[in-house]
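Hey, can you work out the whole structure from these sequences and the hints?
Which chain is which? The protein sequence lines are A and B, in order. Just so you know, we're using my numbering here: the first sequence kicks off at 4 and counts up by one. Just so you know, we're using my numbering here: the second sequence kicks off at 4 and counts up by one.
Please note that the accuracy of each hint is not assured.
Each pair may be met inside one copy or between any two copies, as identical chains are not told apart.
[Claimed, not checked] Calculated cross-link-like contacts (lysine-lysine; reagent style DSBU-like; alpha-carbon spacing at most 30 Å):
#, residue 1, residue 2
1, Lys265, Lys333
2, Lys319, Lys265
3, Lys126, Lys319
4, Lys192, Lys102
5, Lys78, Lys333
6, Lys162, Lys265
7, Lys192, Lys234
8, Lys25, Lys333
9, Lys25, Lys192
10, Lys99, Lys162
11, Lys171, Lys126
12, Lys265, Lys22
I should point out that these hints are in silico values taken from the structure, not numbers from a laboratory.
Protein chains: 2
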Amino acid sequence: QDAAYFREHAPHYSDPYAKEPKRDPTLLVRSEQPFTAEPPLDILAQQMVTPTDLFYKRNHLPVPSPTETDPSAYKVTLSVEGQTNGISIALSDLKKLPKHSVMSAVQCGGNRRDEFSTVKQVKGGHWDAGAISNAVWSGALLIDVLESIGVSPSDPDIKHVEFIGLDKDPTTGVTYAASVPVEMALDPKSQVLLAYEMNDEELPRDHGFPLRAVVPGVVGARNVKWLSQIKFSHGECDSHWQQSDYKSFSPSVDWSNVDYSKAPAIQEMPVTSTVCSPLHGASIDASAQSVTVRGYAYSGGGRGIIRVDVSADGGKTWHDATLQTPPDQKRNQVYGWTLWEVTLPLPTQADAPGDIEIVCKAVDSQYNVQPETLDSIWNIRGLLNNSWHRITIHRGAATTS
Amino acid sequence: QDAAYFREHAPHYSDPYAKEPKRDPTLLVRSEQPFTAEPPLDILAQQMVTPTDLFYKRNHLPVPSPTETDPSAYKVTLSVEGQTNGISIALSDLKKLPKHSVMSAVQCGGNRRDEFSTVKQVKGGHWDAGAISNAVWSGALLIDVLESIGVSPSDPDIKHVEFIGLDKDPTTGVTYAASVPVEMALDPKSQVLLAYEMNDEELPRDHGFPLRAVVPGVVGARNVKWLSQIKFSHGECDSHWQQSDYKSFSPSVDWSNVDYSKAPAIQEMPVTSTVCSPLHGASIDASAQSVTVRGYAYSGGGRGIIRVDVSADGGKTWHDATLQTPPDQKRNQVYGWTLWEVTLPLPTQADAPGDIEIVCKAVDSQYNVQPETLDSIWNIRGLLNNSWHRITIHRGAATTS
Ligand SMILES: [Mo]
Ligand SMILES: [Mo]
Numbered sequence: 004q005d006a007a008y009f010r011e012h013a014p015h016y017s018d019p020y021a022k023e024p025k026r027d028p029t030l031l032v033r034s035e036q037p038f039t040a041e042p043p044l045d046i047l048a049q050q051m052v053t054p055t056d057l058f059y060k061r062n063h064l065p066v067p068s069p070t071e072t073d074p075s076a077y078k079v080t081l082s083v084e085g086q087t088n089g090i091s092i093a094l095s096d097l098k099k100l101p102k103h104s105v106m107s108a109v110q111c112g113g114n115r116r117d118e119f120s121t122v123k124q125v126k127g128g129h130w131d132a133g134a135i136s137n138a139v140w141s142g143a144l145l146i147d148v149l150e151s152i153g154v155s156p157s158d159p160d161i162k163h164v165e166f167i168g169l170d171k172d173p174t175t176g177v178t179y180a181a182s183v184p185v186e187m188a189l190d191p192k193s194q195v196l197l198a199y200e201m202n203d204e205e206l207p208r209d210h211g212f213p214l215r216a217v218v219p220g221v222v223g224a225r226n227v228k229w230l231s232q233i234k235f236s237h238g239e240c241d242s243h244w245q246q247s248d249y250k251s252f253s254p255s256v257d258w259s260n261v262d263y264s265k266a267p268a269i270q271e272m273p274v275t276s277t278v279c280s281p282l283h284g285a286s287i288d289a290s291a292q293s294v295t296v297r298g299y300a301y302s303g304g305g306r307g308i309i310r311v312d313v314s315a316d317g318g319k320t321w322h323d324a325t326l327q328t329p330p331d332q333k334r335n336q337v338y339g340w341t342l343w344e345v346t347l348p349l350p351t352q353a354d355a356p357g358d359i360e361i362v363c364k365a366v367d368s369q370y371n372v373q374p375e376t377l378d379s380i381w382n383i384r385g386l387l388n389n390s391w392h393r394i395t396i397h398r399g400a401a402t403t404s
Numbered sequence: 004q005d006a007a008y009f010r011e012h013a014p015h016y017s018d019p020y021a022k023e024p025k026r027d028p029t030l031l032v033r034s035e036q037p038f039t040a041e042p043p044l045d046i047l048a049q050q051m052v053t054p055t056d057l058f059y060k061r062n063h064l065p066v067p068s069p070t071e072t073d074p075s076a077y078k079v080t081l082s083v084e085g086q087t088n089g090i091s092i093a094l095s096d097l098k099k100l101p102k103h104s105v106m107s108a109v110q111c112g113g114n115r116r117d118e119f120s121t122v123k124q125v126k127g128g129h130w131d132a133g134a135i136s137n138a139v140w141s142g143a144l145l146i147d148v149l150e151s152i153g154v155s156p157s158d159p160d161i162k163h164v165e166f167i168g169l170d171k172d173p174t175t176g177v178t179y180a181a182s183v184p185v186e187m188a189l190d191p192k193s194q195v196l197l198a199y200e201m202n203d204e205e206l207p208r209d210h211g212f213p214l215r216a217v218v219p220g221v222v223g224a225r226n227v228k229w230l231s232q233i234k235f236s237h238g239e240c241d242s243h244w245q246q247s248d249y250k251s252f253s254p255s256v257d258w259s260n261v262d263y264s265k266a267p268a269i270q271e272m273p274v275t276s277t278v279c280s281p282l283h284g285a286s287i288d289a290s291a292q293s294v295t296v297r298g299y300a301y302s303g304g305g306r307g308i309i310r311v312d313v314s315a316d317g318g319k320t321w322h323d324a325t326l327q328t329p330p331d332q333k334r335n336q337v338y339g340w341t342l343w344e345v346t347l348p349l350p351t352q353a354d355a356p357g358d359i360e361i362v363c364k365a366v367d368s369q370y371n372v373q374p375e376t377l378d379s380i381w382n383i384r385g386l387l388n389n390s391w392h393r394i395t396i397h398r399g400a401a402t403t404s
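Take a look at the structure:
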């Protein structure tokens, strides 16, 4: 009897998805099991801090049950390879350490995956451009936790820190896990958190209640939810999600010749931007002489956004958007996203009677830019789509006055 | 009487360029006064460490005279705004501190400027793709110097560190100066050096003898030569080279509407790569079935290179180059460049009888990529050209056998 048998014959008892939390019906659901969903783009770009209910959801496995995540009994264990075995730290003790808050956008490695399929089919769950959101996370700094228990993983052979979740594959029992380079975890500027709050309230179940890792500036996949173990290790995490899932390759690599050992696990993500409003396919008044365009921009690794260029004429003329940058973040510690807005003059209906394409591209503090086309960054898993974002809007019927 | 008068009437006495050092005739000279020159690309990519004589030269002003740079009397002064006034440190005392070495590529902000003029004229000195080189720099760590004199610029109002050179405009007397963010200077990972050696020998005059700043991972313009003053300051350096020269703008900004305050000074440079061999315009045997291509790749801010894609068919097929990465550099502290080599199969002469275009593009550890075209990154000063590098080679006359 496999998991499917049990799901069919005793769903009230063994269905691992029977106790999933309620979700906001505004979300656009991309998968029910595991649950993945993104907010509509025009709502997403309305505010610097994404409302928690609308924050995109990307679970890899069923949400752990309330029994497993009972906060009164919750603890995380910490070990250092060759040095310290499994020190348990109660959630209640973590909450006694100084509470540190950091604004950090979290983005899925597959954000904007669906666009790639216009070039060639990719493998992975559906995503439009809403698999990113921005929140304020609060909890104990990992470096404070280490100090409080008197552990210093300063052995030069310790090169990674693994985060292991409680979420478990119902068939194999394998739990979600991922790692980041140890110097990221130990650098005070990185502000790696064991977070128990999101936007000043306790974490919701979909975002890792009661405890998750938050690694500012790093792909969602390393921000492990339902955190149960932290391992300082010589080697990188050996999970599927670290070793093969979240890596990108050349457009000429296909499933017959991919060698996962040749690419590094995605950590910091490259500079990107998206037009969120108007929505792709929206209609504007036929006589409109301008349109106000809004969106987000983001770069990983603490790189801030210095400019967003927007064009309504295929890149002949670029307009500098007005930027709303995340408050109080220092250079190269810019972990929140940037919102932007610009009012674009439109060609007259006589000059451009048909659809209008709007294009955006961002520049980060390292002056990195986005690639123009999808073709040159296409990859088998459809990851890291940071090509120029393009939407089309339609002129309505001409109004006569 | 201005400087021009003195140059005309007493050249042996007042010509500020009368005492320039001898240079290697292999260099391709781009300007005599101030001296700028780059090595031929095929020679440049032959070795990980660029021979000192062939290292590209980019002076902004005349090289200071031997009298001004007499090492036995040489000192640098260090000040902290609102805290410490002008502590003088003798070069001989700097040499008593631990000698630290770091491999770091230095690249001019204008490297590959000339390509931009195929789009629209830019303003700036000529450069092909050789305005970058890689060396091992040795000297005292700036953080060790601070500790040795008991100075800690920990005041949160101190946000920049200025480096001021001895090189001086003959007319105005203004000296070269530039700054970097203070957290870069104080982070041990950045390894900011007061360097007195280059490739295990004393600095040559063209590279700042007897002392220069080396800021690994940062544009050449901040690696100030003939270093005479270090100022920890509230504000960024107010020099022309910080405030207006080394900044990039949108392609839609021109000289009539440029607002220098809207763009940050270039520090870390974006990911780039260049085909160095064969040279553009080279001929290959008519019957050649493959060609071996070599080049360099680099990204600023300590980002390493993870992949270089090379194509001989306009991007339909990409070949992964074999990388030679700089030795012993940690993730996100990769300050040296990467050399690469790949043997590309060529279309048959029957299929592609004419010229063959070879294109390369690199990916860095943040998975940032290069933009496909020049148009979208064109800027008035012709800075930061990191578009795909393209060269054309010719098939020779068909050989009959
Ligand atoms: Mo993800
Ligand atoms: Mo430069």
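These are the hints, each one checked on the structure:
1. Lys265 to Lys333: between (34 Å within a copy, 18 Å between copies)
2. Lys319 to Lys265: Between. Shortest inter-copy distance 21 Å satisfies the 30 Å Cα cut-off; intra-copy 39 Å does not.
3. Lys126 to Lys319: The answer is between: 21 Å across copies meets 30 Å, while 35 Å in one copy does not.
4. Lys192 to Lys102: For Lys192 and Lys102, both the intra-copy (16 Å) and inter-copy (27 Å) Cα distances are at most 30 Å.
5. Lys78 to Lys333: Neither, since 33 Å and 33 Å both go past 30 Å.
6. Lys162 to Lys265: within (19 Å within a copy, 40 Å between copies)
7. Lys192 to Lys234: For Lys192 and Lys234, the Cα distance is within 30 Å both inside one copy (21 Å) and across copies (24 Å).
8. Lys25 to Lys333: neither (37 Å within a copy, 44 Å between copies)
9. Lys25 to Lys192: neither (36 Å within a copy, 46 Å between copies)
10. Lys99 to Lys162: Result: close within a single copy only, 28 Å intra versus 33 Å inter.
11. Lys171 to Lys126: within (22 Å within a copy, 60 Å between copies)
12. Lys265 to Lys22: Classified as neither; 39 Å inside a copy, 52 Å across copies.
Against the hints set out earlier in the document, violations occur for numbers 5, 8, 9, 12.
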